[in-house]
Amino acid sequence: MNAIGPRVTELLDELMVHSLRGFPLTNYGIFLVIALILTLGFFLIASRRLTLIPKGIGNVAEMGMEFIRDNMVFDVIGAEGRPYLAFIASMFFFVLFNNLLGLIPGAKPGTGTMGTTVTWALIVFVTYNAIGMRKLGVFGYIKSFYPKGVFAPLAVYVMLLELISHFIRPLTMSIRLFANMFAGHVILGIFAIFTVLMWNGSAVGKVTAILPLAMQIAMYALEVFVAFIQAYVFAILTTVYINGAVHAGEH
Amino acid sequence: MTGSLSALGAGLGFAIGAIGPALGIGWIGSTTISSMARQPEMAGRLQTTMFIALALAEAIALLGFVLAFVLMGVK
Amino acid sequence: MSLILPQFPEVIVSLISFLVLFGVLAKFAFPAINKMLDDRAAKIKDSLEKAEQTRVEAERLLEDYKTQMAEARQEASRVIEQGRKVAETVKAEIVAQANVEREGLLARAREEIEGEKKAAMAELQASVADLSVGVAGRILGTTMTKADHAALIDKYLAEVGSINE
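Protein chains in written order, with this note's numbering: chain Z, 18 to 268; chain F, 10 to 84; chain Y, 28 to 192.
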């Protein structure tokens with residue numbers, strides 16, 4: 018039991034954000050840049066390999082794009098969502114590539130740190146508010162939070178709640194993505210520690226080590242699923258917020 | 010000793026805080042399934058709405074998770 | 028605490044990363060992919076429409092062929108019917124003509140037979156009369172008067188005639 022404590026501390030230290038010596042990047046930032054290169058490479062190659070009869074890498078990119086276009090943007094916003102498709106698709110694929118990159122043992126997800134997720138959530142926040150303001154004007158957009166035909170003090174209260182919920186959005190968005198990625202890695206690390214400790218502990222442990230190992234494999238499968246789900250959730254929330262801004266003042 | 014107490018507080022806090030979102034996520038899933046069974050043609054829209062609701066419920070659990078890590082740092 | 032508070036270098040890196048990614052992909056990759064998706068959708072729609080057109084055309088042709096076929100069949104049965112009618116008329120005519128001819132032949136034959144019969148009868152009458160006169164004279168040894176002869180012959184003939192009848 019004594020052996021676990023220091024190892025967990027070591028694991029958490031490893032998962033904390035560190036600056037790399039002699040390098041302007043942190044330990045997460047470097048994987049973020051790798052994911053950036055991979056995403057750019059994937060899409061630039063895929064967009065050169067498009068064929069009318071779908072096949073290969075072009076088909077994969079098209080399927081992803083079609084999913085975002087039809088199941089997210091057109092479903093939620095409708096045909097007016099077309100100008101925002103590139104933004105939402107960039108968000109989705111960048112988050113997805115980061116999440117998946119982090120699942121390679123030894124690598125970290127670029128999205129597993131608050132710095133990244135807060136920045137992106139703020140980009141989304143700024144983007145959707147800018148869309149709303151461009152549509153209604155700055156004053157008109159702020160006025161659209163004020164519910165019409167409601168008893169005045171109540172309307173102010175509702176407006177206040179609305180504004181607070183809007184400002185909380187980037188916070189929940191960033192914490193959700195970060196915590197999912199981070200927690201996944203903590204869980205994988207802890208089961209890895211259990212496995213190693215059991216294996217090294219005793220003769221019986223060599224047999225029982227199969228249990229945390231099996232759990233680790235199951236959690237790894239779950240983490241692959243979570244990588245997709247969180248990218249989807251991040252992108253669908255972006256879509257929903259943009260939808261709210263596009264249709265602001267219409268309800 | 011204070012360190013292990015804060016670890017205990019963090020663990021308990023997250024465990025208790027996770028109960029509500031867990032129930033909520035289960036409930037969201039079950040109602041979505043029954044709605045889909047009743048109206049299969051709405052499945053796509055229901056799924057989108059379900060994921061948004063799941064994300065909202067999950068955020069509460071994750072806030073607890075982050076809070077637990079913050080508490081663990083308290084000496 | 029470094030877990031929760033965003034680190035400034037990361038903010039910069041992730042901001043620049045996303046802007047670069049968005050700029051490059053929105054300009055070079057996504058339009059091509061979207062265009063391909065639209066093209067394919069248009070192509071599929073086109074093909075489906077063409078297929079539908081072809082199907083309609085084929086159905087129309089089939090309908091035409093069916094109509095023509097039915098007309099041809101009707102025409103054929105009409106021709107056969109007509110042929111049969113003509114044949115029957117001809118047959119009836121031939122039969123009628125044959126009947127007429129047969130009647131004529133029969134009548135003529137009957138007439139001829141009748142004539143022959145009468146001639147034979149007359150010849151027989153004459154020869155029988157002569158013979159019987161000769162025979163009677165020889166038997167009687169007497170020459171009968173012409174009146175006696177005549178009476179006798181008539182009587183005989185009447186007898187012969189009654190037999191013949």
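Hint data in this document are derived by calculation from the structure and do not stem from the laboratory. Treat the hints with caution; some may be incorrect.
Stated by the list, open to error - DMTMM-like cross-link-like pairs, simulated, lysine to aspartate or glutamate; straight-line CA separation at most 25 Å:
no. : chain 1 : residue 1 : chain 2 : residue 2
1   : Y       : Lys70     : Z       : Asp87
2   : Y       : Lys70     : Z       : Asp92
3   : Y       : Lys54     : Z       : Glu27
Nothing here was measured: the structure is a model prediction, and the numbers come from that model.
* Asked: Are the Cα positions of Y/Lys54 and Z/Glu27 separated by 25 Å at most?
  -> Violated, at roughly 44 Å.
* To do: Decide if the proposed pair is consistent with the structure: Y/Lys70 and Z/Asp92, CA atoms, cutoff 25 Å inclusive.
  => holds, 23 Å
* Would the pair Y/Lys70 and Z/Asp87 pass a check requiring their Cα atoms to be no farther apart than 25 Å? -> Measuring from Cα to Cα gives roughly 18 Å; hence the hint holds.
Of the numbered hints listed earlier, the single one contradicted by the structure is hint 3.
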